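Each chain, written out:
Number of protein chains: 2
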Amino acid sequence: MPELRRDPIIGRWVIITKERGKVKKDFEKIPEIDTSDGCPFCPGKENLTPPEILSFREPGTKKDEKGWWVRAIPNKFPVLRVEGTLNRRGEGMFDYMDGIGAHEVIIETPNHNADFSDLDNKQAEEVVWAYRDRILDLKKDIRFEYILVFKNHGADAGASLAHPHSQIIAMPTIPVRVKQEIEGGRNYFEYKERCVFCDIIHEETEANTRIVSENEDFICIAPFASRFPFETWILPKVHSSVFEDLPKHEVANLAMMLRDINARMNEILEKPPYNFVIHNAPCRTGKLPYYHWHIEMMPRLTKVAGFEWGTGFYINPTPPEEAAKFLRETH
Amino acid sequence: MPELRRDPIIGRWVIITKERGKVKKDFEKIPEIDTSDGCPFCPGKENLTPPEILSFREPGTKKDEKGWWVRAIPNKFPVLRVEGTLNRRGEGMFDYMDGIGAHEVIIETPNHNADFSDLDNKQAEEVVWAYRDRILDLKKDIRFEYILVFKNHGADAGASLAHPHSQIIAMPTIPVRVKQEIEGGRNYFEYKERCVFCDIIHEETEANTRIVSENEDFICIAPFASRFPFETWILPKVHSSVFEDLPKHEVANLAMMLRDINARMNEILEKPPYNFVIHNAPCRTGKLPYYHWHIEMMPRLTKVAGFEWGTGFYINPTPPEEAAKFLRETH
Numbered sequence: 283m284p285e286l287r288r289d290p291i292i293g294r295w296v297i298i299t300k301e302r303g304k305v306k307k308d309f310e311k312i313p314e315i316d317t318s319d320g321c322p323f324c325p326g327k328e329n330l331t332p333p334e335i336l337s338f339r340e341p342g343t344k345k346d347e348k349g350w351w352v353r354a355i356p357n358k359f360p361v362l363r364v365e366g367t368l369n370r371r372g373e374g375m376f377d378y379m380d381g382i383g384a385h386e387v388i389i390e391t392p393n394h395n396a397d398f399s400d401l402d403n404k405q406a407e408e409v410v411w412a413y414r415d416r417i418l419d420l421k422k423d424i425r426f427e428y429i430l431v432f433k434n435h436g437a438d439a440g441a442s443l444a445h446p447h448s449q450i451i452a453m454p455t456i457p458v459r460v461k462q463e464i465e466g467g468r469n470y471f472e473y474k475e476r477c478v479f480c481d482i483i484h485e486e487t488e489a490n491t492r493i494v495s496e497n498e499d500f501i502c503i504a505p506f507a508s509r510f511p512f513e514t515w516i517l518p519k520v521h522s523s524v525f526e527d528l529p530k531h532e533v534a535n536l537a538m539m540l541r542d543i544n545a546r547m548n549e550i551l552e553k554p555p556y557n558f559v560i561h562n563a564p565c566r567t568g569k570l571p572y573y574h575w576h577i578e579m580m581p582r583l584t585k586v587a588g589f590e591w592g593t594g595f596y597i598n599p600t601p602p603e604e605a606a607k608f609l610r611e612t613h
Numbered sequence: 283m284p285e286l287r288r289d290p291i292i293g294r295w296v297i298i299t300k301e302r303g304k305v306k307k308d309f310e311k312i313p314e315i316d317t318s319d320g321c322p323f324c325p326g327k328e329n330l331t332p333p334e335i336l337s338f339r340e341p342g343t344k345k346d347e348k349g350w351w352v353r354a355i356p357n358k359f360p361v362l363r364v365e366g367t368l369n370r371r372g373e374g375m376f377d378y379m380d381g382i383g384a385h386e387v388i389i390e391t392p393n394h395n396a397d398f399s400d401l402d403n404k405q406a407e408e409v410v411w412a413y414r415d416r417i418l419d420l421k422k423d424i425r426f427e428y429i430l431v432f433k434n435h436g437a438d439a440g441a442s443l444a445h446p447h448s449q450i451i452a453m454p455t456i457p458v459r460v461k462q463e464i465e466g467g468r469n470y471f472e473y474k475e476r477c478v479f480c481d482i483i484h485e486e487t488e489a490n491t492r493i494v495s496e497n498e499d500f501i502c503i504a505p506f507a508s509r510f511p512f513e514t515w516i517l518p519k520v521h522s523s524v525f526e527d528l529p530k531h532e533v534a535n536l537a538m539m540l541r542d543i544n545a546r547m548n549e550i551l552e553k554p555p556y557n558f559v560i561h562n563a564p565c566r567t568g569k570l571p572y573y574h575w576h577i578e579m580m581p582r583l584t585k586v587a588g589f590e591w592g593t594g595f596y597i598n599p600t601p602p603e604e605a606a607k608f609l610r611e612t613h
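Protein chains in written order, with our numbering: chain A, 283 to 613; chain B, 283 to 613.
A hint or two may mislead.
Remember, identical chains collapse to one label, so a pair may be satisfied in a single copy or spanning two.
[As the list claims (entries may be wrong)] Calculated lysine-lysine pairs in the PhoX-like style (CA-CA distance at most 25 Å, straight line):
#, residue 1, residue 2
1, K553, K358
2, K553, K300
3, K300, K607
4, K348, K553
5, K327, K300
6, K421, K569
7, K345, K569
No wet-lab data here; the hints were simulated from the structure.
Since this is a predicted model, take the numbers as computed values, not measurements.
Just chain A, with the same shape it has in the complex (with noise of 0.2 Å):
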């Protein structure tokens, strides 16, 4: 069972997975990415998969098998398990909890070697929806106090198959960065009473020079604080904190860019290896005044990252006023 363990001087958890690496050679460089065969996301190879928990299919043909367009899947090593309670605890002055969650898969189209901004509008939107609908049903479990949609793409990312796929956990505590992001939204909406995203939409409209691009219901920019070269976030124009919330215009809109944004991003970086996550609301808050759901896009181009995370002390060597304008002008 893995085993959630709480830092006691900041407060963040970590997940002890205990069934990974040991020794040097267990930590070897992630297996290159795979060709198609073999694939267990590929049609035809459901039943290399456990049995799926969502899938968008022709009609009459059958689950787990070939037809669907979409499909959810659990993990087949998740990090962490559904079965069991919390079982919160202490040991002396550190906090356990046991490792529970959900790990699953989302495969976002039969064919292996896709890119997402390959999809047509139809096929990214029905990627948006089956996000909604797993974080849905997800958030019905009182255990999950967090839903996570991210995915790792190429192997310099993390990623370990090459067919596109987006992963989401469910986790019982809130990631500390999102944790953040909530206070300090909070506080600058005790000052100001306005929120600090719908702020920065406002002032990146009127500087116009960190847009990336924008749609109907969409608005991407790259950062003014970036950290990494070409991080992009998009954001929902009108406010909302709770991305399972969007309605169907804005799945499609949303849908749309996501495929713009990894369009620009290929052609300007030669598809690189890239991280995205949905930074939601937590599951039990409701709707948020001083929150706002959006996603960040973060290519892995720099291996200069050296101690970053140990100091959260970042160095981009990219401004993003240029990257907004090397992204912009692509198309």
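Since chain A is already given, all that's left is putting chain B on it; use the hints.
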């Protein structure tokens, strides 16, 4: 001039250097670690570096010539610059400062191929004395709020030169991770009237499952909520918030401890790339009863990290008890 920018949501300052990469090819892997041919950190190549700031050298030898055993120089490609004023300013809701600071390199030995664990005790002590001397000198500049001593070892940890060296960055703001630690330490102190780090040392000594090594003045543990496999922390046993206050016997024992931990890590993990960071009190706070300086060592083993930096949500496949056992049983 590099620029410091403050994230308007969580208040994290980021350095935008403006001078490095712009398009994909600029971010290609940093060059392979070079051989001693033409290494600017080797004796006899002193003319390839900016003039030295400090050196410990044979009597009678001249500045910027051979004869040194430890040498501190300005970084040829500094992320922050010494010249100028902070020029704090706002632009709409966004906050800037000029990238004022210092960025130095400490060359730890004339021997290009030495590992820290290969140095003799005397040489390792001299490196610690050099850290101390440079911190004390940089603290005189009242523009600086924090002085970060760190080491990137190996290309995968962000080192661009193989010759053993550490870096020092003096900056006009406190890294977010240090701020969190100080705040966490203060909260704990208010509640318990004890230093949380002192309590950790006490607790780890009792439990005796995560201790890697100890000597008269220092203890090395695999921390309870380790973020990374084989992460270790070195803490002084007697409370002190200020690294540069360390008495002479502690310098000797810290040097020994650093050599010892490097040797253990090298043996178990076959000379892994790693980052090490000295977590020290800020320059202007004086001695703090609730903060405790320490060193964090992070071998870079997992590529699986992926979205971790974006969320602060860490998954660690190696329980610290196991890491400590492996490291402890090495010698």
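Violations among the numbered hints: 1, 4, 5 and 7
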